[in-house]
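Read in order, the letters of the sequence shown are residues 25 to 385 in this note's numbering.
It should be emphasised that the hints constitute simulated quantities derived from the structure, not laboratory data.
Everything numeric in this text was worked out from a predicted model, so none of it was measured.
By construction, the Cβ of each residue, glycine as well, lies at the ideal position given by its N, Cα and C atoms.
Be a bit skeptical, because a hint or two may be false.
Said to hold, decoys possible - When the alpha-carbon atoms are kept at most 25 Å apart in a straight line, the in silico DSS-like pairs for lysine-lysine are as follows:
{"hint": "1", "residue 1": "85", "residue 2": "190"}
{"hint": "2", "residue 1": "130", "residue 2": "345"}
{"hint": "3", "residue 1": "130", "residue 2": "85"}
{"hint": "4", "residue 1": "363", "residue 2": "385"}
{"hint": "5", "residue 1": "46", "residue 2": "85"}
{"hint": "6", "residue 1": "79", "residue 2": "63"}
{"hint": "7", "residue 1": "155", "residue 2": "85"}
{"hint": "8", "residue 1": "163", "residue 2": "144"}
Stated by the list, open to error - Derived Cβ-Cβ restraints for the label pairs, each shown as a range:
{"hint": "9", "residue 1": "260", "residue 2": "83", "range": "18 to 26 Å"}
{"hint": "10", "residue 1": "354", "residue 2": "155", "range": "40 to 48 Å"}
{"hint": "11", "residue 1": "128", "residue 2": "360", "range": "21 to 29 Å"}
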Amino acid sequence: MIINPSMSEPRFHFDRSIELSKYMEVVWICGWMLHSHYKFSDYLTDKHQIRVIGKGSIHRKWRGIWDKLIFTCNTAQYIKQENPDVILVYSSMFAFLIPIIAPHHKYILQLFTTNVSPSKLRNIFWDAWEKIIMLPYSKFFVQTPELIEMYRIKADACHIVTWGMKPISSNIKEFKSIQLLYIGTLNFRRVHETVTGLKLFRQMHPDASVQYSIIGKGNAEHVRLLNDEIRKNSLEDIVKYYGYLPNDEILPFFEKCNVGVSYVPITPYYTDVIVTKTVEYLLSGMVVVATDTNKNREAINDQNGVLIPDNPQGFADGLEKVYSRLTAYDSSLIMEGAKGWNVEFQIRTSIVPILKSISSK
């Protein structure tokens, strides 16, 4: 059983659990689908069931907190009725209540990155709250060894798991021009700096053939920063911002684009986290221009991309390196080198053995 109150992007979750259902029955307990483009019913199979406990759309602010509390309590009551073998709980505001209300089950808490707000006070508060959430749990899933240290958990209580990703495109890319793609949130990522960097690159190479597609949503301030930077640098014909797009509409971009932009700030709360977009680009055979975080450094090499500082000049210099090597890149070799991140491989070789081991104890 997997518990997650709010489902954001199905490809980050259901692609993995559907693969897992090839080996064992999976039942999700969910509250709400955050994007109206998707329906829970689209992801049902005989061995992949979804129990939706939330009603309507989740409210915002204080009403939303109340919604999550009610969801958590109802979920605990449902667990008492079903008695699952193993319960994987996605960390959320009231997740600590589930083992208290429904004790004597084999629980695992799935931990994600520590809080990533630029506000230090907010980070301190929510990281402290996460420690409270963790108290009733004795087993944890984490993405990286560094997160064990950040959360100060005993190593023998943790399983380091990489769920992997499903390739979005299998199209072999050509490298005759630079077709850039950024996909992901705009919030606190400073994506507008990549537009500034592109302008600097074009000043050095005015005849270079470049297009840049940006997909993702953000709050009004971050969207304004991006659009202002596009206009200020007169790049309206080159840089296109599409806003949020559902899964079925992002495929054409992964088919045509050949250079992925993995631009996250190099900060303590990002540097040791696996960047999902880096993995998605590599699995789709794209070269990656990635900021020089610890985890990007483990994935990027001369054959599949470049590492850069998190500033406009760094992005420009990264494009310069890609441009100078453009015809030497091989999309099929990039895909082959990334196969260890493939969801089928990770589920079969890592997740299934861990879950079976926990279940049998």
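Hint numbers the structure violates, sorted upward? Hints 1, 2, 3, 4, 5, 8, 9, 11 not satisfied by this model.
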